[in-house]
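A.B. asks: So the protein lines, in turn, are chains V and E. Everything in the first sequence is counted per numbering that gives the first Met the number 0, starting at 0 for the first residue and increasing by one. Everything in the second sequence is counted per numbering that gives the first Met the number 0, starting at 0 for the first residue and increasing by one.
These are computed hints drawn from the structure, not numbers from a lab. Any given hint could be a false lead.
Since the list gives no way to pick out one identical chain from another, each pair is judged satisfied if it fits inside one copy or across any two copies.
As the list claims (entries may be wrong) - Distance condition first, Cα-Cα at most 20 Å in a straight line; then the derived EDC-like pairs of lysine to aspartate or glutamate: (1) Lys446 / Asp459; (2) Lys117 / Glu105; (3) Lys278 / Glu239; (4) Lys43 / Asp213.
Fair warning: this is a prediction, and the values are worked out from it, not measured in the lab.
Number of protein chains: 2
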Amino acid sequence: MLRTLHRIAQANVQQKTRQLISCVAVRYSSAKVLTTETMHPLIKNVEYAVRGALPIRAEALSAELKAGKKLNFDKVVFCNIGNPQQLNQKPITFFRQVSSLCENPELLAPENRELLSKLYPADAIARAEVLLKNIGSIGAYSHSKGIPFIRENVAKFIESRDGYSANPEHIFLTQGASSGVQTMIQILTQNTSVGIMIPIPQYPLYSATISLVDAAPIPYYLNEEENWGLSTEDLKKSIEEGRKAGKDVRALVIINPGNPTGQCLSEQNIREIIDFCHKERLLLLADEVYQTNIYMPKERPFHSFKKVLLSMGEKYKDQELVSFHSTSKGMIGECGRRGGYFECVNIDEGVLEQLYKISSISLCPNVSGQIMVDLMTNPPVEGDASYAKYKSEIDGIFQSLQRRAIKLASCFNSLEGITCNAAEGAMYLFPRITIPQKAVEAAKEAKMAPDAFYSMAMLDATGVCVVPGSGFGQEAGTWHFRSTFLPEENLFDGFCSKIEDFHKDFLNKYRD
Amino acid sequence: MLRTLHRIAQANVQQKTRQLISCVAVRYSSAKVLTTETMHPLIKNVEYAVRGALPIRAEALSAELKAGKKLNFDKVVFCNIGNPQQLNQKPITFFRQVSSLCENPELLAPENRELLSKLYPADAIARAEVLLKNIGSIGAYSHSKGIPFIRENVAKFIESRDGYSANPEHIFLTQGASSGVQTMIQILTQNTSVGIMIPIPQYPLYSATISLVDAAPIPYYLNEEENWGLSTEDLKKSIEEGRKAGKDVRALVIINPGNPTGQCLSEQNIREIIDFCHKERLLLLADEVYQTNIYMPKERPFHSFKKVLLSMGEKYKDQELVSFHSTSKGMIGECGRRGGYFECVNIDEGVLEQLYKISSISLCPNVSGQIMVDLMTNPPVEGDASYAKYKSEIDGIFQSLQRRAIKLASCFNSLEGITCNAAEGAMYLFPRITIPQKAVEAAKEAKMAPDAFYSMAMLDATGVCVVPGSGFGQEAGTWHFRSTFLPEENLFDGFCSKIEDFHKDFLNKYRD
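Chain V on its own, in the form it takes in the complex (with noise of 0.2 Å):
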């Protein structure tokens, strides 16, 4: 209490300070080595959206209130993020007791035995253990490319996801998918002249780590009218344009499930994307984070390239596939873990070594998220003293999920000039807006996009923070926003409406 007390306290000092200093930083700036003149140019081109104006506006809000500032609303609801337990979604019980236990071994020692037995289930106990003998502690560096035991574990849920065998060599674990994602672009990238091809609309990840190692995104988009389908015609024409552009186009991106469109091709779909891939001699990079957020499971089941590709024969032996997955999605939403891995499928041999190379100089990823990873790919199993807890956990979320993801597109759809996509599987929606004239014109004065501009007017009224469509990219001419599905459900109706009201009143201030 009294160090709390303190802590405020503190905080008024350092409030000042800051004051203080922000004066002193402006009026010398001229003075500094660094600055946004000086800095590296493709840092300071970079654009990502999902933590942009709109976020960082939200985390003002979200202060106000704490500091006990009126608005129209008492709480900053955050979805402009897949951050499902930042909204309360509980974790998976037998997760958090086994990585507990790993963090405190002592408890396992003999003398507390009987006592632990008290709090934790015999397979969490015996999990822990076995993690321990494989791994040593958890505060020692691990191999670069994770903990042997764990990449071997991975490799057999692998296996038994797609019936074809897999490689623990050729896993790396990483810091949740995105460093994975940054890696393999980087490796990628010979010269200026390379051109990786990315879907339109895409998670800016891709946009932003392309220009960040100064590549060239060549974009093939949706069909939305199809569902955000996509067709080789579009491909061939999307490759095309990149070449007679002078583009080395070596790479295509694949997000599928989609974000933030949320669709799940079929395996004809992926098999003719892979034939393409053949074709035109590109690497395919498969964000596959979303494969257990399937929401129609009979007409739209995940299948993961790797499978497709196994399937296809010896003609396509070579075909090169890097597919990534993360502990931060699915029923799991261990996002702050910063867990993931990734899969290489046909990659060089010595490419792997450079792999390896790169991935020690940042000496290992964070061996809680390894830990994580081992769960998700090795959850209980029938028979097991958890399993019964963990599959209504996690069919629990599931289903829960598969409402909210109908409920509010169902939302979206009853409201003048919003049509959306039903979410076949991720987490997100992406509704169409139609904007009136009068608020593109408010927006051309405000100097926003639209879309940002219909966003800002969303979370100044409602809390509700999203990401305009401008930060994923669309066709020309329309616009969108990205919103989760992840509010709780008990405030979900709530929520609904508030979009609702805010929708109305939005068109009926700018009504043409």
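Assemble the complex: chain V is given as a structure, and chain E must be docked to it using the hints.
C.D. replies: For chain E alone, kept in the frame of chain V given last:
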């Protein structure tokens, strides 16, 4: 047990698959899009010795031992990297108690309190509650700069260390110190003419990162005869050469206490370095991760660059400084955690915004690493239930490191042709070895640097893995290696005598 057997079986399958896949890879590598010919040239060229050829061989030997193979030794001793818990250093009990409670908040439920109080001290429970209250779930992405509450605590730690205020908004939590260093060197690099001064010998993170971003390392030499001291004359000489070569020299990297060299800079020396940077308009990158590994606290206490800078008054109020710290070193040694931070002092506000943007692309540093940063900077204090235990653990590790540093240095100095400066700080010794001409020729035949040849021979004879001086840089014609003094104290005499025997045999084999 069954699961384990199953794993072994699987491992054999995977072993075969591996062999199969790798010959496929060789046979068709020419058909690949991504090869060592087409990959990013800067990644291909980068070198990183701490995890280079020697540790890779060490890992292989370690695997052979596990597989039951007989070697000259029964275990590999990894002295190539400062990884205390890998060599069985115990984690700090209080830290692990708090982190385990943050992992499993269910333990804090009222119904568990009575049991919990038998396993956890009251202050660990209280701390976990404060952290969770301020973090929310550790499974959620945090603020990209790190959890505000933890940055406030880090600021208070810096204030009480230095006696000058610190601004939480100028503190960035990171995945270990390495990722912060990589970000700062990248943002400093405007084009290939940018030069960054680094000490020789240096920690290869710096040379590796500089070559990855295609900047130029501007070496300045530490003076081995003066216990790795540096003079502003050396700095002047080095910057003049850099500028003569047309380089835009912008920043100076200083590692204090030194890695691999272990020296601690005097306050006077730090003042001279700051004055040099101010005159020459250089941003200071201060690697201060070993700030508590101080073995001669009376003669050679630690002085932070920030404290000395702010004590130098008005004239230096624009001197830019970034200081790096980590949870991996000190007495904590939580390397696997990937926790750390950097503090920006007098850094342009626009650049701070750019640093925030770039950190947001990786979403956030892992939260359990952030929690360890909080604990490191905010440990138990007198009066807390855990203080006595905390203090005895810290003191015990410190005194043991101090004894081992002295013992290993005197071991090295007792050997023919080896001279070794004492470690005033850090975790390493960097002995200088005279390598007989015959061995130099043998090394040449083996296409290895003489010190790499020596180190490889040591590994094969003793299982002790060190890093050749050529991995850090050294005066032309001199040869060194870096060894940690982290092997367990109860095994330390055996460790020293192994090295002695190897060295004598090596000299006898190659004596001129």
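A.B. asks: For every hint, state whether the structure bears it out.
C.D. replies: Taking the hints in turn, this is what the structure says about them:
1. Lys446 / Asp459: within (17 Å within a copy, 67 Å between copies)
2. Lys117 / Glu105: both (16 Å within a copy, 13 Å between copies)
3. Lys278 / Glu239: Within. Shortest intra-copy distance 13 Å satisfies the 20 Å Cα cut-off; inter-copy 54 Å does not.
4. Lys43 / Asp213: both (12 Å within a copy, 17 Å between copies)
In the structure shown, no violation is registered for any of the earlier numbered hints.
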